[in-house]
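Engineer: Chain by chain, the residues run as shown.
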Amino acid sequence: MTVSHAPPQSGTPEISVEKAPVAAPAQAPELEPLTSTRARRTRVPRWLRRTTGPLLLLALWQLLSSTGALPPEILASPGTIAGVARDLIADGSLTQAMGVSVQRVASGLLLGAVIGTTLALLSGLFRVGEDLVDAGMQMLRTVPFVGLIPLFIIWFGIGEAPKIAIITLGVVFPLYLNAYAGIRGVDAQLIEAGQSLGLTRWGLVRHVVLPGALPGALTGLRYSLGVSWLALVFAEQVNADAGIGFLMMQARDFLRTDVIVVCLIVYAFLGLLADLAVRLLERLLLQWRPTFTGQ
Amino acid sequence: MATDLHRPVTASGAAADAAPETAPSTAPETAPSTAPETAPATAPETASTSAPEAAQGPAAVRVQGLARSFDGRRVIDELELTVRPGEFVALLGRSGCGKSTLLKILAGLDREIDGTVLVPRRKATAFQAPRLMPWKKVWRNVLLGLPGRPGREVAEQVLAEVGLDHRADAWPKTLSGGEAQRASLARALVREPDLLLLDEPFGALDALTRLKAQRLVGEVWQRRGCAVLLVTHDVEEAVLLADRVLVMEDGVIAHEVTVGLDRPRDLTDPRFAALRGELLDLLGAGPGTAHAA
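In the order they appear, the protein sequences are chains A and B. As numbered in numbering that gives the first Met the number 0, residues 0 to 294 make up the first sequence, in order. As numbered in numbering that gives the first Met the number 0, residues 0 to 292 make up the second sequence, in order.
Hints may be right or wrong, so weigh each one.
[To be verified] In the SDA-like style, the derived pairs of lysine to any residue whose C-alpha atoms are separated by at most 20 angstroms in a straight line are:
1) B:Lys136 - A:Asn238
2) B:Lys135 - A:Gly184
3) B:Lys172 - B:Ala128
4) B:Lys135 - B:Glu178
5) B:Lys135 - A:Glu159
6) B:Lys136 - A:Leu229
7) B:Lys136 - A:Arg183
8) B:Lys135 - A:Asp186
9) B:Lys172 - B:Leu142
10) B:Lys136 - A:Trp287
11) B:Lys135 - A:Thr51
12) B:Lys136 - A:Trp154
Please keep in mind that the hints were generated in silico from the structure rather than gathered at the bench.
Okay, chain A solo, but in the shape it has when bound (with noise of 0.2 angstroms):
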């Protein structure tokens, strides 16, 4: 119930019985300064503090090879694994291998993500769907993938197809399980909303249940393209002729850590690009979303 047009008369003489005690004791408060934080921030550039603990480490690095502390057969020091790194990509191993690698990545995201989201569009927007397939999803989702590559090689022999089909099946589930509680997620009040404005069924998927379910499929993707290198490595490790984990095996048989280290370097670069471009288009697709971004 409001009253907010109590009459005025009843409430001036309450105020001034309330001011009374108040105004009694005259000692002033102790007052502090609230700094800006804008100044703070913008003494030192983000981009100069973020770089700064990487570099520091890699200082360390290099300080400890060059003292004889790190030896070379256990770990390379930093100036060796650039050079190599300059050499192997001057004789062109290293593109092509990367080259096989992402090729192996995308082709495997590609059926992932097909896969994962027609699975969690069908349980997600239709009650038979979900029964018939969440519940098989749910169980298959707590076998280790890993442990299917033994069954793989078997079923796809050694070439190309049980690696994309490993990397396959770790994209689907992240996929799958985020763009499904996303569908189920979205305001039921939303749903509401639009059947009022008198969407069609079709109408309420396309403009209320898919943008909404967006947030979620997208933090899904980020997941799958976690797993995917995860899973491109596990891969690369079982009877390739080609690839950075290729690469890798044979640095292996030759000590060579400092090749070891650039291939991981190039797993980590990789994964770093894609994180990359799916922010990139969260930001795109999210636009409408204020988000919270830290002090």
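With chain A's structure known, arrange chain B on it following the hints.
Structural biologist: Same frame as chain A, but now just chain B:
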């Protein structure tokens, strides 16, 4: 603006999740409301249900013997309600008395009902929360669900009517509470409704914004001439805006108070205060009971 064509809100106990029927393609809804256009589509449906009471004159809402239960508990029980075309009716009641349920039924969102409910084909709802789709810009929100492919200028026109044309390109989450509520109102108005259903639309606004929004709704109603059913728990708001105030209790319309004051209404008018007091008494929250509660 007045139309006596009605479409019954069909009960659908079994298919609870059935989507409401959308506007049939026979009648372009954005066209000026010439009643005959909709006649072929609705005549067969209304003939059987509304024939007996057709003699009572035009109505924008006609409800007879309406009942709605939740888990065996009757929230609405044999409710009767008639709203005349162009009439502004406020519906008061304590929380949980079923007034929001009634509004949902009239909006066609709740169809697990018994009884007869006749509402205009063109009706629109504004909810307590603005319920704008956060992923659509304001002007796209306004046009959402309209048949055909209406242009942006349609949205801008109605946004101008609620004083929000400058925010047409904004994302809903960047709007203030009052702005979002006005966008929600624009989204309802663009449908040119014969019946506008308002579910506590000012409940979440601060006092000053609420006063402005109330005035806006009053102006829009006078300009458009549509029937309005305003569900509220604010007695003052009801007396300020409505021609007739209904008080809901135990699932039926228990009391009815006609507000005969001239518009624009003056909050300081003693007759205004008298009506307010009367309604507060009916709600069991009069001056005598206020402090006890």
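Engineer: Indicate, hint by hint, whether the structure satisfies it.
Structural biologist: Going down the list of hints, with the structure as the test:
For the proposed pair Lys136 of chain B and Asn238 of chain A, the alpha carbon gap of about 53 angstroms is over 20 angstroms, so the pair is violated. Distance hint between Lys135 of chain B and Gly184 of chain A is fulfilled; the C-alpha atoms sit about 18 angstroms from each other, no more than 20 angstroms. Simply put, Lys172 of chain B and Ala128 of chain B have alpha-carbon atoms about 12 angstroms apart, close enough for the 20 angstroms limit, and the pair holds. Annotation: proposed proximity of Lys135 of chain B to Glu178 of chain B holds, straight-line Cα distance about 15 angstroms (limit 20 angstroms).
A hinted pair counts as satisfied when its Cα atoms are at most 20 angstroms apart, and Lys135 of chain B with Glu159 of chain A does not qualify at roughly 43 angstroms. Straight-line distance between C-alpha atoms of Lys136 of chain B and Leu229 of chain A comes to about 39 angstroms, which puts the hinted pair past the 20 angstroms bound. Pair hint Lys136 of chain B plus Arg183 of chain A does not hold up; C-alpha atoms about 23 angstroms apart against a cutoff of 20 angstroms. The straight-line distance between the Cα atoms of Lys135 of chain B and Asp186 of chain A is roughly 15 angstroms, inside the 20 angstroms bound, and the hint therefore holds.
Proposed proximity of Lys172 of chain B and Leu142 of chain B is supported: the alpha carbons are some 18 angstroms apart, at most 20 angstroms. Straight-line distance between C-alpha atoms of Lys136 of chain B and Trp287 of chain A comes to about 8 angstroms, which keeps the hinted pair within the 20 angstroms bound. Among the hinted pairs, Lys135 of chain B with Thr51 of chain A is inconsistent with the structure: their alpha-carbon atoms are about 40 angstroms apart, more than 20 angstroms. Using a Cα cut-off of 20 angstroms, the hinted pair Lys136 of chain B and Trp154 of chain A is violated, with the two alpha carbons roughly 51 angstroms apart.
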